[in-house]
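Since the structure of chain G is provided, determine the placement of chains L and R on it from the hints.
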Amino acid sequence: MVDDTRIMLTGGHLVDPTNSVNGPADLLIVGGRVAAVGRDLPIDPGTTVIEVPRHGVVCPGFIDMHVHLREPGDEHKETVATGVAAAVAGGFTAVACMPNTTPVNDHAGVTRLIRGKAADVGLARVYPVGAATKGRDGEQLAEIGELHAAGCVAISDDGRPIANALLMRRALEYASMFDMPVIDHCEDRSLAGDGVAHEGYHATMLGLRGLPAAAEEIIAGRDVGLSGLTGSPVHLAHLSSRGSIRAVRDGKTRGVRVSCEVTPHHLTLTDDRLAGYDTNYKMNPPLREAADLDTLLDAVRDGTIDCIATDHAPHHYDEKHAEFDSAPFGVIGLETAVSVCLDRLVHPGHVTLVRLVELMSTNPASILRVPGGTLGVGVPADITVLAPELSVTVDSSAFKSLARNTPFDGWRLRGGVTATIVGGRVVYANAAAKGAEPFTNAM
Amino acid sequence: MPVVMAADQVARSITRIAHEVVERHRTLDNLALIGIRTRGVPIARRLAAGLHDIAGTTVPTGVLDITLYRDDLMRHAVGPQPVLRKTDIDFSIDDRRILLVDDVLYTGRTIRAALDALIDFGRPGAIELAVLVDRGHRELPIKADYVGKNVPTSLSESVQVRLAEVEGLDEVVIKDASDS
Amino acid sequence: MPPIADVLTPDGLAAPVGLRTKDLLSIGDLLPEEIYLILDTAEAMKEVGTRSIKKVPALRGRTVVNLFFEASTRTRTSFEVAQKRLSADTINIAASGSSVVKGETLADTVRNLEAMAPDIIVVRHQSAGAGHLVARLCRARVINAGDGMHEHPTQALLDALTIRERKGTIKGLKVSIIGDLLHSRVLRSNVQLLQVLGADVSVCGPATMMLPDMARLGVRATTSIDEAVEGADVVMLLRIQLERMSGYFFPSLREYFQLFGMTPERLRRAKPDAIIMHPGPMNRGVEIASDVADGPYSVILEQVANGVAVRMAVLYLLADELQS
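Chains as they are written, first to last, in this note's numbering: chain G, 1 to 443; chain L, 1 to 180; chain R, 1 to 324.
If you are wondering where the hints come from, they were derived from the structure by calculation, not from laboratory data. This one's a predicted model, so the numbers in the text were calculated from it and none came from an experiment. For every residue, glycine included, the Cβ atom is placed at its ideal position computed from N, Cα and C. Some hints could be false.
To be verified - Now the in silico label distances, taken between C-beta atoms and shown as ranges: (1) LEU191/G - GLU255/R: 33 to 39 Å; (2) LYS175/L - GLN126/R: 52 to 58 Å; (3) GLU255/R - ASP272/G: 47 to 53 Å; (4) ILE119/L - SER246/R: 26 to 32 Å; (5) SER156/L - GLU165/R: 56 to 62 Å; (6) ASP272/G - GLN126/R: 23 to 29 Å; (7) GLY295/R - GLU167/L: 44 to 50 Å.
As the list claims (entries may be wrong) - Mimicking DSBU-like on lysine-lysine, the simulated pairs with C-alpha atoms at most 35 Å apart in a straight line are: (8) LYS143/L - LYS175/L; (9) LYS86/L - LYS22/R; (10) LYS86/L - LYS143/L; (11) LYS171/R - LYS86/L.
Only chain G is shown next, with the shape it has when bound in the complex:
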């Protein structure tokens, strides 16, 4: 039976960089695919009409290319079900999940399990990232061909770098056979040692062991070099330091196939937040200095940074409620990323909405070679509807995620999500955004 469900999104502002659309337009979905885009489209009988609230922006679905769903193995932190619920509540229609589960996603069985769980939930699309090496041990390549066949879209040993340069070279070469990027977590572990916070004034005064920026930059530089050597695409995850950005900029100038991402927290927070030893500011890479943040903002503006990804890293309350150096690294981000980016990047004028859509939809889709990132006629109707003027107060207790480890709890932000549509189905609708009132700064 042919699905001919007709849904019309009317009254919105449509942003689709791939088709150079940036203005008022209606969008018609038929059978889960985009059927028409234009002004004042005729509404046939039998069409469900969704009126986009005032100021609403209709974009290709946002893709978070760096999340940890924790299943299998750490279901007390997060599950595929709770993770994707968090994703759609945060405006993401798809996520790419990292392989550091237990067992590691280094074979097709784990990949299929994750995809099966995701299919059962049926909210956001879930793209597993396979391990680059067996057990993420950095010794032997994982069976990348089989992982690809099972549905992995990229390979990575995320959480750990691929320390051995020769092995990294081989991973790049081997993965290129399947047109898969290698995503690397840039950190020279021998230099980073047992550091827990950015090596600088604040860590020094707080007595926290340092993670020098150079530990990230050394591997970023190496990876750019290896990508140049092999001609294979490399994607550098969650960059945080000035020197890493220099390495990427240099690589891009030379035509190296390097791409990179940055997290919302590295674009908004610096290491002075550590003063109270709140473990919700503990992540790896760590919060760095104001000069790093400024460089990251520049790089987001000038295109050196391709994507914003959350590095959504759920941890259980008990694990985070510990001494700073024994608490695990990581913060969650799926349910705050859009608000933080609208408030801190778009409204202050660092980036346009068009650029934000590139960073959070178009570019992740193209780097992972997955559908999405566009609203051209015929593509699956994965759509994020933004409410840039919605006043949002972050309340971690209301999160869909199992975890609460956010550094943004209680933040009052301008901008949020109205609805999330996956394959033409409304998987999330924000009651608060109905007739969203413009944000007024009542101070």
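Same frame as chain G, but now just chains L and R:
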């Protein structure tokens, strides 16, 4: 703000107490004065000078801070915790006759604390008490041996002793709590 | 003789009558006038230690828990003596190893203690910020007795008391701190405290043990011990932990002593009346030669005696409920 003792009355009271002390003690050789911080200290020093004038004897004089012995340390009632200052008793109090000196005798709790403190320093032969003002309202069975002046007060009043060494002039005034 | 009521601090600040803070976790928590209050109170407390009955009833009926996750004979004993001199009820808990190994989280340990309603908890822990975590979890006042590489505030206070006793003032003194700067909580507390009190602080150690971003601390740093000692009023040596050799910090204890060990010859560059300090425990023949440790300049045992007085002062001042 009534002045109940002017400078000359303060001086005369201290001199009179010195005479009474000499009368009551066969010898001053075994006597020592201990002033309770803050204002008991200058009064004790003046008393010692008076005793020297009358009897020619230099009576050793010590300083006692009773802060660590107060029973109101953990209470909210009395305002902030007093600043702890040094206790300075550079002689043995064992078997001596000790004359404790303070400015105002009120509830008796300060003297109780001072007695506890003294007993931690040794075993005096006897302890006597001299105060410049006794304002009544005792809460403990304590009585002064030498009193400069008895000043009847109500509970809402406070008695303030001012001394040249501390405030730059000698006088005793009564303040009603409502004045402040 | 100054008037008795003159309770102005050397900087002309009006003396406060208590501490604003609930806890003492870091020197940075203290205002300059509060630092003077602690030092003055400690000076008065020293007298208690000279009595035949070394006990006053100030903290009678108060419960103080010494929660030590790290072995420490010196600091724990010093706190315990201070508590006993103030008549507090003292409970010692030696929780060996990390909470992870023990199977109970620090948070649970503290919540259990809190249920027994202690008034003050003294915490020593191998993790920086552990005191902050304890303080967030309980109503009891928390004193940081050393948290990882972060701070050891009562050590810095007792050092300041010792210097002030010997030198009369701290303002304008040249203080050189020499040794393993990177890992030292004593250094972090002392640099802040001595700077507030107006000392001219310089630090010296191997380049591998310098603090990152040291320039922002406002101290002079040198790797030349002769330069560091030159004209110093106070030379403070920091302990070298023998396990540091595994972190590639220096090649051998022998070479460390050759380059950074304090010898009588090196000490000649200091002022003739310079004093030598060490927070203990000392490694004789590593950071300090025995004839320096036992020599006439050494005030190391005075530091220990002052430790009790400073801890009495801090316990006493924090015990006042009014400040909460």
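Numbers of unmet hints, in rising order
Of the numbered hints, 1, 3, 4 and 5 do not hold.
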